[in-house]
Amino acid sequence: MSTRSNVLIATLAALLAVAAPGAFAQKMYDSGASDTQIKIGNTMPYSGPASAYGTIGKTEAAYFKKINDEGGINGRKIDFISLDDGYSPPKTVEMARQLVEQDGVLFLFGTLGTPSNTAIHKYMNAKKVPQLFVATGAAKWNDPQNYPWTMGYQPNYQIEAAIYGQQILQTKPDAKIGVLYQNDDFGKDYLKGLKEGLGDKAQKMIVAEVSYEVTDPTIDSQIVQLQASGADVFVNITTPKFAAMAIRKAYDIGWKPVQYLTNVSISIAAVIQPAGPEKAVGIISSAYLKDATDPQWQNDSGMNELRAFTKKYLPDGSLTDSNIVYGYSVARTMVQVLKQCGDNLTRENVMKQAANLKNFNTDVGLPGILISTSATNFAPIQAMQLMRWEGKQWVRFGQVISK
Amino acid sequence: MRAIGSWHVPSLVALVAIACLLPFFISNYHVFQLTLVLVYAIALLGLNILTGYNGQISLGHGAFYAIGAYVAAILMDRFGVPYWLTVPVAGAVCLVVGFLFGLPALRLEGLYLALATFALGVSMPQLLKYKPFEPWTGGVQGIVIVKPDPPWHLPINPDQWLYFFSLGFAAAMFLLAWNLLRGRIGRALVAIRDHPIAASAMGVNTALYKSLAFGVSAMYTGIAGALGAIAVQFVAPDSFTILLSISLFVGIVVGGLGSIGGAIFGALFIEFVPNLADQISKAAPWAIYGVFLIGLVFLMPMGINWAIRLCWARIASYRRASSAQLRSPITVSAAPHRRSTGDAPCPPEAMS
Amino acid sequence: MEELLNQVFAGLATGGIYASVALALVMIYQATQLVNFAQGEMAMFSTYIAWALIQAGVPYWGAFFLTVGFSFLLGVAIQFLLLQRIRGQPVLALVVVFIGLLVIFNSLAGWIFTYTIKVFPSPFPAEPPFGQHYVSAHELGATAVTLVLIAVLWAFFRFTSLGLAMRAVAQNPVSSRLVGIRVGQMLALGWGLAAAVGSVAGMMAAPIVFLDPNMMSGILLYAFAAALLGGIDSPGGAVFGGFLVGVLENLLGAFVVGNELKLVFALSIIVGVLLVRPSGIFGSVQVTRV
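Protein chains in written order, with the working numbering: chain A, 1 to 403; chain B, 1001 to 1352; chain C, 2001 to 2290.
Think of the hints as simulated: they come from the structure by calculation, not from any bench. For glycine and all other residues, C-beta sits at the position ideal for the given N, C-alpha and C. Certain hints may be false.
Stated by the list, open to error - With a Cα cut of at most 20 Å, we get these calculated EDC-like pairs of lysine to aspartate or glutamate: (1) B/K1131 x A/E209; (2) A/K127 x A/D30; (3) A/K127 x A/E348; (4) B/K1131 x A/E213.
Said to hold, decoys possible - Listed next, with one range per pair, are the computed distances between beta-carbon atoms: (5) A/P367 x B/A1283: 29 to 39 Å; (6) A/K176 x B/V1096: 39 to 49 Å; (7) B/Q1279 x A/P315: 34 to 44 Å; (8) C/S2284 x B/M1202: 21 to 31 Å; (9) C/G2088 x B/A1324: 28 to 38 Å; (10) C/W2154 x B/G1168: 34 to 44 Å; (11) C/A2052 x B/L1276: 43 to 53 Å; (12) C/A2056 x B/A1283: 17 to 27 Å; (13) A/K312 x B/A1283: 46 to 56 Å.
Can you build the whole structure from these sequences, using the hints too?
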């Protein structure tokens, strides 16, 4: 052939070589994804005993609306379908099936509650639908070997309790520990972690383990029991309402132990204020998110963005509710994952990208706490920092501790 | 029951035919929902035997549902018992437990019995979480159950198979109840409900019948619980709170006390109306549910079943009246309920 | 010993809350022969109204009496608009109506006021009286309020003609009507009074248990048990039952079975007592003539 046609063929070949990967990297969708939208499913306890957590779902919905208003992700709007399961596992199963089989969502995200998520754990993995960033701190969500479609989010309760256990061993090795815990998966997981953190000294050091039910009106009796046991360290594993009651009662009966409080109840306006800020002085806890009412984040840019968002998209939301910061953080992480997916919106790729977060900063996490995942690590946040209540704000101390 | 009328048999056959064909025309998710409706219907039938026919109020039947569910789960998960065997065993266990509970309950009437059963319903989750029982019950984590596959390589999927499995049980339990209640036992139960003193004066062994009613009703609810556990594939203490007992109670009142058909209407109500309410209002769905409840009681205070019967009876009496008018100027109007010895329980009067 | 005293006093304090709600339950029973399962939620809703008033700047006692008045009207409204229309229907249907009211009030409160807990102020001083640390001034004050309420109600039913008329209507509406008593008005009055008592109970409880939509559900169970334990037709019995249940619950949890089985045992004991005295400790036994 003539040189001219050789060149022509060569150019065509070159063009094809460049265009071909592009042609093969075309859009790939699973059910729920299309050129214009991404359908995400979620279940939350909007009614029933755990209804206080419903704010998380509302925050997530508001955040996705904000993203949609700003043009969506890669040009696609998010259709966030959040259903009420009343914290009842059979209802969660029903709602999850509706979302996956009826509404055809791409994946489930941020489903709340350990029993609720346990109920759909096998189903989601059998159906190969991602169960992402579940809103529970149980340890079992980080198991990519056996459950490759499920991923947790927050530092799990056992890790946090183990950190407290270690701290007690370091600062007060002869302590007598009294534990107050909620009689459900949350409380029992914590207790387990605490005992692991104390190692073989657990048996000797823990002098009282006292539980309560979510349906109990007050826990005054439990606090009195703990005081009577002679404990001088108090590990307070309670949800916000009961945490406030416990802190107040302990102070009122004149019991002054070194108190460790779970991260779930560190909200200043939902726990510390009702209990009485002067009654909470000295309490140690840990955190991985910033508190929106904490004066030290007055001029923080990430928190300012959160405050502006809350003002515009969550007008009845109160910044005193730490659930808002949590919901905001998870939603931002989700948006990052979807951005990384690009045009490949298959369930497999969503899972792959979720396991491919490298030091992602949500802007509302504490300094030094970033989100990372990998194929063998399905625990996005594993670091926390200890802090102490000093009368007007939480003051962090020590290093950021990770697993 | 009332003597089978000429229209009863064809309509029942049609109903059964529809029930059998339906799963092949609807999605798996809806099949799952209908399976739950069948499960609730069996539970409501049990509760109706106790409260509707026998007049003993129970606000804690969720406890028997929980016992049935856990028996099935423990047998399947810890002892490898095949799923189809666990359901009758759960029924048997609940029969005994219900009877034993019914014995001391004989001393209690009305409100006080309501409290005792309420206490049972409220205590159940705490009992299920109790530490020494954990190796069996799985504690707060619960027990995960594997979904059974259709047997004999039938060309249907597991959801459809579970539906037919539950349908079979439901049909059997309904037949059993119909048989039980239209004969001597049913009359004895109703007599005890309406006038206990007269009943015992006539020689009815009230104590035995009342305890048996508890036992049988618990058995039904236990069977429902076992089927429900297999359908949902998971049991945990949080699945069986007092809300379940209240839902069952609401179900029989809305469906129609003292009727067998009421169980189905009630089951449809408690399964679908909460979802409907959720769709109407995301902000306060249970407020909508409450409005539905109150509205239904206003419109049909005796429950859906009796409201429908009343409608049919009125239509029948108009027909009779208009055909009688053709024959004679004197209008004959038939009363909607005709009590005779052969006829079945009428809706309960104001129960105290 | 110290712990025993602490537990007993803590039990009396919680028992005071149960007693006041039990009183409201008995009140409604005395007036209408029905147990109002929505009593707790109505009380909670009223407390939220009080909270909203206080947030708007109304001083405590102003908000208190305004709320009591509002609750009275709410009770009267429920009787006239709702219950009047379905009087005479089977009792169980009425119970379902109460359950409906329960979920409506609960859901509305959650929607309007959100589920985050709120602090409700107490009219009593913050310092514990007499320098001791067993009971706070509020707990003592709340108990005193309950006892005063009970005395006032007892006097009302016993010595006033209005109270007599209400009792007559509850026991025999037909004869009462024949004698000339306006049955509907008496029932409405009964409902209003019960709702008002409930709102006081709510406002006394909220400073202790914090205000949230689910505040009353745990309390209602024990209040119901207490009312029946004491005898559903005896206001004094209900209050006694409340205190008894509070102390019993604490002592069981602390010394006998531990907190994991406290609920089960407390309820079992109550049911056990009922088996021995099926009408409650102070209740009047119903005797039926054959």
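**Request:** Could you check the structure against the hints above and give me the numbers of any it violates, in ascending order?
**Result:** 7, 10, 11 and 13
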